[in-house]
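Chains as they are written, first to last, in numbering that gives the first Met the number 0: chain Z, 0 to 405; chain H, 0 to 175; chain P, 0 to 414.
Treat the hints loosely; a few may be bogus.
Said to hold, decoys possible - Here are the simulated EDC-like pairs of lysine to aspartate or glutamate, each with C-alpha atoms no more than 20 Å apart in a straight line:
#	chain 1	residue 1	chain 2	residue 2
1	H	Lys146	P	Glu386
2	H	Lys37	P	Glu386
3	H	Lys142	P	Asp387
4	H	Lys150	P	Asp301
5	P	Lys412	H	Glu1
6	P	Lys298	P	Glu370
7	P	Lys163	H	Glu1
8	H	Lys41	P	Asp118
9	H	Lys146	P	Asp387
10	Z	Lys33	H	Glu5
11	Z	Lys49	H	Glu1
12	H	Lys41	P	Asp4
13	Z	Lys97	H	Glu1
14	H	Lys150	P	Glu391
15	H	Lys41	P	Glu398
16	Z	Lys244	P	Asp389
17	Z	Lys32	H	Glu5
18	H	Lys37	H	Asp163
19	H	Lys34	H	Asp121
20	Z	Lys46	H	Asp133
21	Z	Lys46	H	Glu5
22	P	Lys412	H	Glu49
23	H	Lys150	P	Glu370
24	H	Lys150	P	Asp389
25	P	Lys323	Z	Glu319
26	H	Lys150	P	Asp4
27	P	Lys163	H	Asp48
28	P	Lys298	P	Glu314
29	Z	Lys44	H	Glu1
30	P	Lys130	Z	Asp100
31	H	Lys150	P	Asp387
32	Z	Lys44	H	Glu38
33	P	Lys413	H	Glu49
34	H	Lys7	Z	Glu319
35	H	Lys150	P	Glu300
36	H	Lys41	P	Glu370
37	H	Lys37	P	Asp389
38	H	Lys142	P	Asp330
Note that these hints are calculated values from the structure, not bench results.
So the chains spell out like this:
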Amino acid sequence: MTTHFSFLCRTKTSAGTNALEHLPFELSGMGAKKPMVIQDAASRKLKRHKCLIRAFKDSGMTLGIAPAVPEPALSGSKKKPEATAQFIRDMYATYREKGYDAIIAVGKAAAADMAKALNIAVTLGPDALKGTDITAPLNPLIYIPTGVDTVTATAASVTFNRKAFTSPYLAPDQAVIDPAMLIPDDRDSLLDAALFCLALGCEVHALSGNPPARAYAAALVELAAVPLAQMIGSYSESNLKLRKKAEAGWQKQLVQAAVISGYLTDGSRPLLTLALGREISGDSGRVSLGMIMTVLLPAVLETLGRDRFGSLLLPLSGMERFSTVPVSQQPVTAVQTIRGLLNGLHAVTGGHTPRTLAEAGWQRDALTALAADENIQNITRDTAQDVLKCILTHACDGSPVTAPLG
Amino acid sequence: MEAFAEIKPGKRYLTRIYLGIMLWFVGRAVQAAAKVDKEVAKEFENMPDEYTFCLGAFPNGPYMIVGKDAIGRVRYKGGNPDKHDIHLEMGLKSLGNLFTMFTFRESTPVANARDRLFVCGDVPNACACVRVLDIVQVYLLPKPIAKLAIKRYPRWSFKRHTLDRALVLIRTLIGF
Amino acid sequence: MYIPDYFEFCCRVKIVAGHDGLEQIPSLLTAMGSSAPMILTDKGVRAAGLVDVVETALGGNLTIPTIEDDVPPDSDLNVVHRLADVYREKGCDAIIAVGGGSVLDTAKGINILVSEDSDNLMEFTGAGALKRPLRPLIAVPTTAGTGSEVTLVAVIADHANNRKMLFTSYFLLPDAAVVDPRMTLTLPPHITAATAMDAMAHSVESTVMMSKNPLSDAHAREAMTLISKHLVSVIKNPSDKDGRLALATAATMAGIAFSNAMVGMVHAIGHSVGSVCHVPHGTCMAILLPYGLEYNLHKAEDRIADLLLPLAGPEAVVSTPADKRAQAAIDWIREFNKELNQITSGRHATRFKDLKGHDGTPMVPKDKLPEIAATAMGDGAIFYNPEDMDYEDFLMVTEAAWEGVPLDPTRIKKG
Ligand SMILES: [Fe+2]
Numbered sequence: 000m001t002t003h004f005s006f007l008c009r010t011k012t013s014a015g016t017n018a019l020e021h022l023p024f025e026l027s028g029m030g031a032k033k034p035m036v037i038q039d040a041a042s043r044k045l046k047r048h049k050c051l052i053r054a055f056k057d058s059g060m061t062l063g064i065a066p067a068v069p070e071p072a073l074s075g076s077k078k079k080p081e082a083t084a085q086f087i088r089d090m091y092a093t094y095r096e097k098g099y100d101a102i103i104a105v106g107k108a109a110a111a112d113m114a115k116a117l118n119i120a121v122t123l124g125p126d127a128l129k130g131t132d133i134t135a136p137l138n139p140l141i142y143i144p145t146g147v148d149t150v151t152a153t154a155a156s157v158t159f160n161r162k163a164f165t166s167p168y169l170a171p172d173q174a175v176i177d178p179a180m181l182i183p184d185d186r187d188s189l190l191d192a193a194l195f196c197l198a199l200g201c202e203v204h205a206l207s208g209n210p211p212a213r214a215y216a217a218a219l220v221e222l223a224a225v226p227l228a229q230m231i232g233s234y235s236e237s238n239l240k241l242r243k244k245a246e247a248g249w250q251k252q253l254v255q256a257a258v259i260s261g262y263l264t265d266g267s268r269p270l271l272t273l274a275l276g277r278e279i280s281g282d283s284g285r286v287s288l289g290m291i292m293t294v295l296l297p298a299v300l301e302t303l304g305r306d307r308f309g310s311l312l313l314p315l316s317g318m319e320r321f322s323t324v325p326v327s328q329q330p331v332t333a334v335q336t337i338r339g340l341l342n343g344l345h346a347v348t349g350g351h352t353p354r355t356l357a358e359a360g361w362q363r364d365a366l367t368a369l370a371a372d373e374n375i376q377n378i379t380r381d382t383a384q385d386v387l388k389c390i391l392t393h394a395c396d397g398s399p400v401t402a403p404l405g
Numbered sequence: 000m001e002a003f004a005e006i007k008p009g010k011r012y013l014t015r016i017y018l019g020i021m022l023w024f025v026g027r028a029v030q031a032a033a034k035v036d037k038e039v040a041k042e043f044e045n046m047p048d049e050y051t052f053c054l055g056a057f058p059n060g061p062y063m064i065v066g067k068d069a070i071g072r073v074r075y076k077g078g079n080p081d082k083h084d085i086h087l088e089m090g091l092k093s094l095g096n097l098f099t100m101f102t103f104r105e106s107t108p109v110a111n112a113r114d115r116l117f118v119c120g121d122v123p124n125a126c127a128c129v130r131v132l133d134i135v136q137v138y139l140l141p142k143p144i145a146k147l148a149i150k151r152y153p154r155w156s157f158k159r160h161t162l163d164r165a166l167v168l169i170r171t172l173i174g175f
Numbered sequence: 000m001y002i003p004d005y006f007e008f009c010c011r012v013k014i015v016a017g018h019d020g021l022e023q024i025p026s027l028l029t030a031m032g033s034s035a036p037m038i039l040t041d042k043g044v045r046a047a048g049l050v051d052v053v054e055t056a057l058g059g060n061l062t063i064p065t066i067e068d069d070v071p072p073d074s075d076l077n078v079v080h081r082l083a084d085v086y087r088e089k090g091c092d093a094i095i096a097v098g099g100g101s102v103l104d105t106a107k108g109i110n111i112l113v114s115e116d117s118d119n120l121m122e123f124t125g126a127g128a129l130k131r132p133l134r135p136l137i138a139v140p141t142t143a144g145t146g147s148e149v150t151l152v153a154v155i156a157d158h159a160n161n162r163k164m165l166f167t168s169y170f171l172l173p174d175a176a177v178v179d180p181r182m183t184l185t186l187p188p189h190i191t192a193a194t195a196m197d198a199m200a201h202s203v204e205s206t207v208m209m210s211k212n213p214l215s216d217a218h219a220r221e222a223m224t225l226i227s228k229h230l231v232s233v234i235k236n237p238s239d240k241d242g243r244l245a246l247a248t249a250a251t252m253a254g255i256a257f258s259n260a261m262v263g264m265v266h267a268i269g270h271s272v273g274s275v276c277h278v279p280h281g282t283c284m285a286i287l288l289p290y291g292l293e294y295n296l297h298k299a300e301d302r303i304a305d306l307l308l309p310l311a312g313p314e315a316v317v318s319t320p321a322d323k324r325a326q327a328a329i330d331w332i333r334e335f336n337k338e339l340n341q342i343t344s345g346r347h348a349t350r351f352k353d354l355k356g357h358d359g360t361p362m363v364p365k366d367k368l369p370e371i372a373a374t375a376m377g378d379g380a381i382f383y384n385p386e387d388m389d390y391e392d393f394l395m396v397t398e399a400a401w402e403g404v405p406l407d408p409t410r411i412k413k414g
């Protein structure tokens, strides 16, 4: 543990059977009586709000069901910015006119981000969306995921019209995970989410030295590692019924992981797998974000963690295995475990998933150039160029970092 | 684009009727047990006169109200908390939660562990009320179901299991 | 990993920890738009010079309208009302609470009154009476134990009517908990041991309770690991600043774990011994912790077995067969208490029988045990205990803890 740290997660997590049933009680505890429900297109189409209406029976509360948010929404704000702005204007007007006092976002990150932006407008006035510091709690905001996502819906930040807002008060007051609200995700999305959560959790656990963050990260790694190993193990399961059933179980666990991953991406600590992963997967477009982050992970751990991240082996492989490995071998074994997952996935997919950045289509020269890129320096919060170069070149050929820098 | 819709979710009438009956039954059984069972009587003795507690669902019931009257007798006081001075409120956070509990799919301790319960009032008497409700459940329910509803099935005397149980059931039904 | 069918987890407090923790307070206040904090503390904390440390650390940039130290050992309704008036008169806009549970409870009470602009605290008793955020409140704990800086309840005594009022709301949580080892640096070894064992009890009990969940478990495990690693060395070397920081951090982490997963019989009996015989809370926790595990062993064997790793380390896990690990974890806690007893020259007690008051008389006379058992029957912590307890059970456990002998397994009723 380091000699100073700080940690804040303002979001309450509630997860499991009948989670929706608690919502009227929770909202009333926040002084809200009339929530507005914002959904993404998939949730609106499948009428997930009907579950919500059922859970609000006998509560005496009124719900407003908004039209689907325009997609792709804020996270890919290059497209359709007008539709997004128009949606916010319309909903702002309705919220104010009809006396709504809270927002429930249902869906994936698109719905959550829209709700965050709308919450800025309805709490601080629409002009606040042109840019402002958010220093006090906003109106109540609940987020209900309908599936896994590698854009963190629960993060304490949002980008609207290319303006980035970061404040602990932007995070939802509560994330409510109810299995009844889930819409089945396909196997590739589940895999991507598991890899995303694994990489993020491992990096924070190994490198942050921040006990509360490590606690969240340990839970995140455990929640992701178990379904991931199972997914690899039963990749070629051909019985459709069995597969669907298994996928539903993994989804339940991975949605919890995805929600927790947002708590660790509040911008208060640099996350290299995420920053580099976004840059790299965004450019190739061929390989998913979670995949790239996990490919980067061993090099990130070895370069920055040196030999001090042995305790990562515990959430990664469980008490039995952890206890049999000597302290001196714990870091190596942790990295081997991560590589083992990548290699196992490579084998079961018939070589379709990359184990290295080279297999993901990257050339060493391009990566060296990337390490020197000004933009990269910005997003990795001034991580030294030789550190980035060390990470990227080792991730390129998958070789271990034998002589860590500095 | 779909239109914006404002919806007032309705009520679960059948659920409310079922729970109303169950709560009526439990309330009268507490009154009966206070007369028949020494342990229950003792728990109530330690509470102040006119002490009244209520069990129900947030925010609109149904409820059952049980309490002591001015001369210390334990009474089932009906289902309307607004008519009484309530000293202790034990509530499930939703009607659905109460229904899950009264269909024995989740015991009181489990519902409590899952944050589905809230208590407003003084803690020692809340503990006593929970013990009373546990005993009443053992009286009312067949052993396999009662075992699901409480933490530890008590080892009672043969008389308590048979004669006292019959007395509690009769008194509950006819209400004296 | 145990994932319950349904769970809730929440800690809305910003944890700011470090050797320079106190120096972060001005910027925390600025970020919340405050510039005139009231410092609230008690006479003991002030006499120990800790408020001076805080004042120095805050520097000259912050005006502190007033420092109030008139907080009784258990918070009092009249004091809350009086101090709320002081807050208003002096134009304060935040509270920095420096101290333990009662200081923080008082601060929460004041914060309700000044935020809701009320002069009657009674309007806000119970759960959920508060509907909106309160004014800024920063907690600076001065013992590494209670975890009250991250709990959402406030208990305020109405001495005139002889009752205790309970306030429960997420809005009562402090905005930030500032964990700085300078606040615990001067604690004598036996108090360091007792308070750390309180934190240990929070983390251990929370992982055994019915309401445990992946996030509370992760916090608890981190706390246990820090305590078992650092406590002995800090007691041997009290000025070990890094060790002090680790223990203080562990206490806060344990507080987060237990405010979500709750505590059970160890606390039920412990509160009762505290109120009947005035034994310090941490001492009760150290003595009772092994008994709490022993009693619940048949209901929570797996959970107790999982404690062996964070407590005793990987070697102990490898060398103990799976079916012996729960017992080994219990034995480890007993041994740990013995070691603490030795390195505090016997001042860390391992059974109630040995506790002596200032005048040398026994603190827990044997004839008080029935009263202790009866009082424990009214403690809410028992709701969360895996196994049920009646008066007989409470008495049996208390008697064993008084004598310092393990529980007789045949006397534990298993339903
Ligand atoms: Fe405690």
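Taking the hints in turn, this is what the structure says about them:
1. Lys146/H x Glu386/P: holds, 13 Å
2. Lys37/H x Glu386/P: violated, 23 Å
3. Lys142/H x Asp387/P: Judged against 20 Å, a Cα distance of about 17 Å means the pair holds.
4. Lys150/H x Asp301/P: Between Lys150/H and Asp301/P the Cα gap is close to 18 Å, so the pair holds against 20 Å.
5. Lys412/P x Glu1/H: violated, 61 Å
6. Lys298/P x Glu370/P: violated, 27 Å
7. Lys163/P x Glu1/H: violated, 54 Å
8. Lys41/H x Asp118/P: Distance ~39 Å between Lys41/H and Asp118/P Cα, so the pair is violated.
9. Lys146/H x Asp387/P: holds, 12 Å
10. Lys33/Z x Glu5/H: With Cα atoms ~10 Å apart, Lys33/Z and Glu5/H stay inside 20 Å; holds.
11. Lys49/Z x Glu1/H: holds, 15 Å
12. Lys41/H x Asp4/P: Given that 20 Å is the threshold and the Cα spacing comes to 36 Å, the pair is violated.
13. Lys97/Z x Glu1/H: holds, 18 Å
14. Lys150/H x Glu391/P: Roughly 16 Å separates the two Cα atoms, so the pair holds.
15. Lys41/H x Glu398/P: violated, 24 Å
16. Lys244/Z x Asp389/P: Cα-Cα ~44 Å, so violated.
17. Lys32/Z x Glu5/H: holds, 13 Å
18. Lys37/H x Asp163/H: Holds, at roughly 10 Å.
19. Lys34/H x Asp121/H: Not satisfied, since the Cα-Cα distance of roughly 24 Å exceeds 20 Å.
20. Lys46/Z x Asp133/H: violated, 41 Å
21. Lys46/Z x Glu5/H: Status holds; Cα separation ~15 Å.
22. Lys412/P x Glu49/H: violated, 35 Å
23. Lys150/H x Glu370/P: violated, 24 Å
24. Lys150/H x Asp389/P: Status holds; Cα separation ~12 Å.
25. Lys323/P x Glu319/Z: holds, 14 Å
26. Lys150/H x Asp4/P: The given pair, whose Cα atoms are some 18 Å apart, holds under the 20 Å limit.
27. Lys163/P x Asp48/H: holds, 19 Å
28. Lys298/P x Glu314/P: violated, 26 Å
29. Lys44/Z x Glu1/H: Roughly 10 Å between the alpha carbons, so the hint for Lys44/Z and Glu1/H holds.
30. Lys130/P x Asp100/Z: Given that 20 Å is the threshold and the Cα spacing comes to 12 Å, the pair holds.
31. Lys150/H x Asp387/P: Given that 20 Å is the threshold and the Cα spacing comes to 6 Å, the pair holds.
32. Lys44/Z x Glu38/H: Given that 20 Å is the threshold and the Cα spacing comes to 57 Å, the pair is violated.
33. Lys413/P x Glu49/H: violated, 36 Å
34. Lys7/H x Glu319/Z: The given pair, whose Cα atoms are some 53 Å apart, is violated under the 20 Å limit.
35. Lys150/H x Glu300/P: holds, 16 Å
36. Lys41/H x Glu370/P: Holds, at about 16 Å.
37. Lys37/H x Asp389/P: Satisfied, since the Cα-Cα distance of roughly 15 Å is no more than 20 Å.
38. Lys142/H x Asp330/P: violated, 37 Å
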